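Asker: Here the protein sequences line up with chains R and F, keeping their order. According to the working numbering, the stretch in the first sequence is residues 1 to 507, in order. According to the working numbering, the stretch in the second sequence is residues 1 to 507, in order.
Hints listed in this document are in silico derivations from the structure and should not be mistaken for laboratory results. Here the structure is a predicted model, which means the values were calculated and not measured. There could be a bad hint or two in this list.
The list makes no distinction among identical chains, and a pair is therefore deemed to hold if it is satisfied within one copy or across any two copies.
As the list claims (entries may be wrong) - Straight-line alpha carbon distances no greater than 20 angstroms define the calculated SDA-like cross-link-like pairs of lysine to any residue that follow:
#1 Lys41 with Ser362
#2 Lys35 with Ser56
#3 Lys282 with Arg167
#4 Lys279 with Val152
#5 Lys279 with Asp145
#6 Lys410 with Asp50
#7 Lys102 with Met347
#8 Lys79 with Ile471
#9 Lys452 with Val152
#10 Lys410 with Gly170
#11 Lys79 with Ile38
#12 Lys365 with Asn164
#13 Lys285 with Thr65
#14 Lys282 with Leu137
#15 Lys92 with Gln62
#16 Lys92 with Tyr36
#17 Lys365 with Asn311
#18 Lys41 with Asn262
#19 Lys341 with Ala263
#20 Lys365 with Ser436
#21 Lys39 with Lys90
#22 Lys279 with Pro492
#23 Lys469 with Leu441
#24 Lys341 with Glu34
#25 Lys452 with Val142
Protein chains: 2
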Amino acid sequence: MIKSVKSLVQLMGKSNILEQVRYASQALPQFSSEKYHIKRKNFGTIESADIGFFKSILSEEQVVTDESDILPYNIDWIKNCRGQSNLVLKPKNTEEVSKILKYCNSRRLAVCPQGGNTGLVGGSVPVFDEIVLSFALMNNIVSLDDLSGSLVCEAGCILETLDNYVRERGLIMPLDLGAKGTCHIGGNASTNAGGLRLLRYGNLHGSILGIEAVKADGTIVDCLRTLKKDNTGYHLKHLFIGSEGTLGLVTKVAIHCPVLPNAVNLGFFGVESFDNVLKLFKSAKSNLGEILSAFEMADFDAINSTVNSLNLPKPISDFPFYVLVETHGSDETHDNEKLMKFLSQEMETGLISDGTVTSEPSKMKSIWNIRESIAGSGLTVGYVFKYDVSIPQKNYYDLVPRLKTRMGDKALLIYGYGHVGDGNIHINVVVPEYNSEVASLLEPYIFEEVSKVNGSVSAEHGIGFRKPKYIHYSKDPSALQLMKDLKQLMDPNGILNPYKVLPDGPN
Amino acid sequence: MIKSVKSLVQLMGKSNILEQVRYASQALPQFSSEKYHIKRKNFGTIESADIGFFKSILSEEQVVTDESDILPYNIDWIKNCRGQSNLVLKPKNTEEVSKILKYCNSRRLAVCPQGGNTGLVGGSVPVFDEIVLSFALMNNIVSLDDLSGSLVCEAGCILETLDNYVRERGLIMPLDLGAKGTCHIGGNASTNAGGLRLLRYGNLHGSILGIEAVKADGTIVDCLRTLKKDNTGYHLKHLFIGSEGTLGLVTKVAIHCPVLPNAVNLGFFGVESFDNVLKLFKSAKSNLGEILSAFEMADFDAINSTVNSLNLPKPISDFPFYVLVETHGSDETHDNEKLMKFLSQEMETGLISDGTVTSEPSKMKSIWNIRESIAGSGLTVGYVFKYDVSIPQKNYYDLVPRLKTRMGDKALLIYGYGHVGDGNIHINVVVPEYNSEVASLLEPYIFEEVSKVNGSVSAEHGIGFRKPKYIHYSKDPSALQLMKDLKQLMDPNGILNPYKVLPDGPN
């Protein structure tokens, strides 16, 4: 039995995950089932004959049964959830996924699909002894049509690997996440990942052209078209985008890659009030128009605590709010002119109090690094209650000051940051350690407040294991019923990613 | 009984439809059931007690039973399909739609939903005596958030009305169609309408934020969120986008409206070969980048026959191919510079042989009018076999010369035009009158050829009544089975838009 996270980190062996995990405390997390008082559902249990079957269809290294080898697959990266799986299977192609699921379905063995395991709601780790089905070995790029920009690849391809591949061919991936060095495209699709540039390139329902998925009974559903327009019957691929592996496992993805921009610029601005942040957003939409690729904001505490705890250089002095504006364009001169016009105009009106603009890759990287580090930085201080909500822009920041009043000195830090352009704010509440009194002050209060303004209690992180009991704050009862009906239709034995997404599973 | 289309036209009373119908011949079309040898399914028949019920929940003018009043609802605008409905219901709100469907479902009365009735595959007119449920009276705009750009409206709002409304507030609708003056947003959503600017603003799966729909049993499914990011469970709205009213009736739509561009330019170019058209597309993507909003092509016969038959002015002299390039941008000077650079570069390389560029609204309208008139112009000459297919760009135009060889003198004209940027080509085959020998030379040949290159046999028009028997050319058996399963789940009595979309309905 492995007792500390140090060995876990060694096993994982990926610098990106290493970096993420080093912020977490060293103790192994409690089992999710105990922490959250979950009862095991009536699934089959793995017997030696089952292992025998899997070994008969897979090679030795594709069937992992060693406890220490399995540990990393049982724990999520924020070290909140921990499952008890004894078996990890690593199929190399769709047919193997199909055979595995067909068998599991007939034996009622539960399955937890796992991509890069970078999720934040415990969706990608087992709860009990579900078989972990890892897509790590399904990482082939199938094709790229550089005229239309359609890329076809297997589910286990790492987002950054794909981005590097298409960049060499004059294209970019239509999504970008802090976890890009680890997350899989299949996981991105299954969780409808959002990220930093959704404002410009749209969401995955728009940019994914086709999906190949395997149903619980092993049926391969082939919707792997590479066409931008295809109105031949129901648009089935959307069933698998964002359903977090509970309706079928995504095995291949066809995705539209936009053209690599010739010119990229990044501005980092200090702003005096949130009202000014909103005004600046409106101005950026109008002045930068089609070249605006990101409009992010972070409040003082978000930036300050991040640069301090991680010893990062701070680009400008102290301001109540910071705004990060990125442009992607085809003409460097035009983009500079637009940005300079925007900047001088809003320095004059006072919407921007101070700022820096750069097109130098290393400087842009250093600014993005601050923004992308906010998510993990609180973990160096203590326990972080993390919320990821969508709120209509006019109410976007309201919750942060309200929470500060509500929590008083019970929290070390409360800060907000996120994608203003998409109405998506991340709110972090940092406390010395997990504390149920604090938890009960935060939840369901935050979800109730979000619900009052018709917001979303999970903007991009999904529902996973952590949030099924809060889903009703954002989902109408009629919609919840339809979700259950679909689950029953697609996976009648409920073997796919149980204890996740649906408030009450069919099992 | 009304015998001629003249009275029909008078009854319809809309100049846009008038214009469309005047190209058609004067005789009423044959009943679809006879023309296509369809057998009525085992639905209930309308009795006086049913009319009594509808009159008890709706006002007098919402229950249409007069034969001559009903005729326009029975015929599609290309005058190909004709149903035999005796009852049109015009609900004024979602609750009325719900009551109607609940009652129809209990009585197994079939229902044909109808928006602007501008579809091209017979999806919006009944086949037998289905009750027509018209959304014409559900045309309220519910709300517009001009900061985020989210518009909420009822299904019966006309696209052009919405576009005018949001333009006054600095926004545009994310889609544009030739039928915009007549088509309904609910129909656009139900058919996943594509159109002229999909290249820039993406498809409706990306831009529709929320849907309210009513299931066959009258259940109102509320997914009417206005958020750009909402990952709370299954993304149910996509079930209703593009399923052509067979899984539920769309009653309200929330949609994201992009910012109104400050500068619009339109170029119309003569090109010597299709190979050059593709090269020009690649250059436009690179040089015009983010401001490129449309890249359309039409061959000589498409443009020539259109300007001749409709007496339209021809912008430039004769060329084998014409390309229409539109830009939407935020800075007039920058856009002009980009366009001029592109133009002078490609005049020099010879990709563009001749051309005209304008930003004058009346001139742009006149060029767009030629492009938008191609679809209807063939009807002035005779019968038109119309195909709407997606083909990988490198094979985009292959079918047209191949069809010319195959058809020889059996066709008056064969031409291709469409949205190169989206891989979507429309192929029209004009003959003096409908002829089954010609039909058998065209079908399934065209669909087989499209299938060979993994294209789509219906890029944007949908499947409707006309194409269920060809759907298998673009849809895998596993996908077709899943479609049937979903239909059975959502509409077990099969009352919603029967004889449409699915190759074999559940009834």
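Asker: For each hint, tell me whether it holds in the structure or not.
Answerer: Verification of the hints:
Proximity of Lys41 and Ser362 under a CA criterion of 20 angstroms is satisfied in neither setting, with 51 angstroms inside one chain copy and 68 angstroms between copies. When the C-alpha separation of Lys35 and Ser56 is checked against a cutoff of 20 angstroms, the pair qualifies neither within a copy, at 37 angstroms, nor between copies, at 56 angstroms. Taking the shortest Cα distances, Lys282 and Arg167 sit within 20 angstroms of each other only across copies (16 angstroms), while inside one copy they are farther apart (31 angstroms). In this homomeric assembly, Lys279 and Val152 never come within 20 angstroms of each other (Cα to Cα): the closest approach is 40 angstroms inside a single copy and 23 angstroms across copies.
In this homomeric assembly, Lys279 and Asp145 come within 20 angstroms of each other (Cα to Cα) only across copies, at 15 angstroms, whereas the closest approach inside a single copy is 41 angstroms. In this homomeric assembly, Lys410 and Asp50 never come within 20 angstroms of each other (Cα to Cα): the closest approach is 50 angstroms inside a single copy and 64 angstroms across copies. For the homomeric pair Lys102 and Met347, neither the shortest alpha-carbon distance inside one copy (62 angstroms) nor that between copies (59 angstroms) is at most 20 angstroms. For a Cα distance limit of 20 angstroms, the shortest separation of Lys79 from Ile471 qualifies neither inside one copy, at 23 angstroms, nor across copies, at 48 angstroms.
In this assembly of identical chains, the alpha carbons of Lys452 and Val152 lie at most 20 angstroms apart only when taken from different copies (18 angstroms versus 41 angstroms within one copy). Taking CA atoms no more than 20 angstroms apart as the test, Lys410 paired with Gly170 passes in neither setting, with 51 angstroms inside one copy and 45 angstroms between copies. Taking CA atoms no more than 20 angstroms apart as the test, Lys79 paired with Ile38 passes inside one copy only; the shortest distance there is 18 angstroms, against 61 angstroms between copies. In the homo-oligomer, the alpha carbons of Lys365 and Asn164 lie at most 20 angstroms apart inside one protomer (16 angstroms), although the nearest pairing across protomers, at 42 angstroms, exceeds that limit.
In the homo-oligomer, the alpha carbons of Lys285 and Thr65 never lie at most 20 angstroms apart, since the shortest distance is 53 angstroms inside one protomer and 51 angstroms across protomers. Taking the closest pair of Cα atoms, Lys282 and Leu137 never come within 20 angstroms of each other, the shortest separation being 45 angstroms inside a single copy and 35 angstroms across copies. In this homomeric assembly, Lys92 and Gln62 come within 20 angstroms of each other (Cα to Cα) only inside a single copy, at 8 angstroms, whereas the closest approach across copies is 60 angstroms. For the homomeric pair Lys92 and Tyr36, neither the shortest alpha-carbon distance inside one copy (34 angstroms) nor that between copies (48 angstroms) is at most 20 angstroms.
With identical chains, the CA atoms of Lys365 and Asn311 are at most 20 angstroms apart within one copy only, with a shortest distance of 15 angstroms there and 58 angstroms across copies. Taking the closest pair of Cα atoms, Lys41 and Asn262 never come within 20 angstroms of each other, the shortest separation being 54 angstroms inside a single copy and 59 angstroms across copies. In this assembly of identical chains, Lys341 and Ala263 lie within 20 angstroms of each other by CA distance both inside one copy and across copies; the values are 17 angstroms within and 17 angstroms between. In this homomeric assembly, Lys365 and Ser436 never come within 20 angstroms of each other (Cα to Cα): the closest approach is 38 angstroms inside a single copy and 65 angstroms across copies.
With identical chains, the CA atoms of Lys39 and Lys90 are never at most 20 angstroms apart, being 27 angstroms at best within one copy and 51 angstroms at best between copies. Proximity of Lys279 and Pro492 under a CA criterion of 20 angstroms is satisfied in neither setting, with 50 angstroms inside one chain copy and 51 angstroms between copies. Only within a single protomer do Lys469 and Leu441 lie at most 20 angstroms apart by alpha-carbon distance; the minimum there is 16 angstroms, versus 59 angstroms between protomers. For a Cα distance limit of 20 angstroms, the shortest separation of Lys341 from Glu34 qualifies neither inside one copy, at 57 angstroms, nor across copies, at 66 angstroms.
With identical chains, the CA atoms of Lys452 and Val142 are at most 20 angstroms apart between copies only, with a shortest distance of 18 angstroms across copies and 46 angstroms within one.
Hints 1, 2, 4, 6, 7, 8, 10, 13, 14, 16, 18, 20, 21, 22, 24, counting from the list given before, are not met by this structure.
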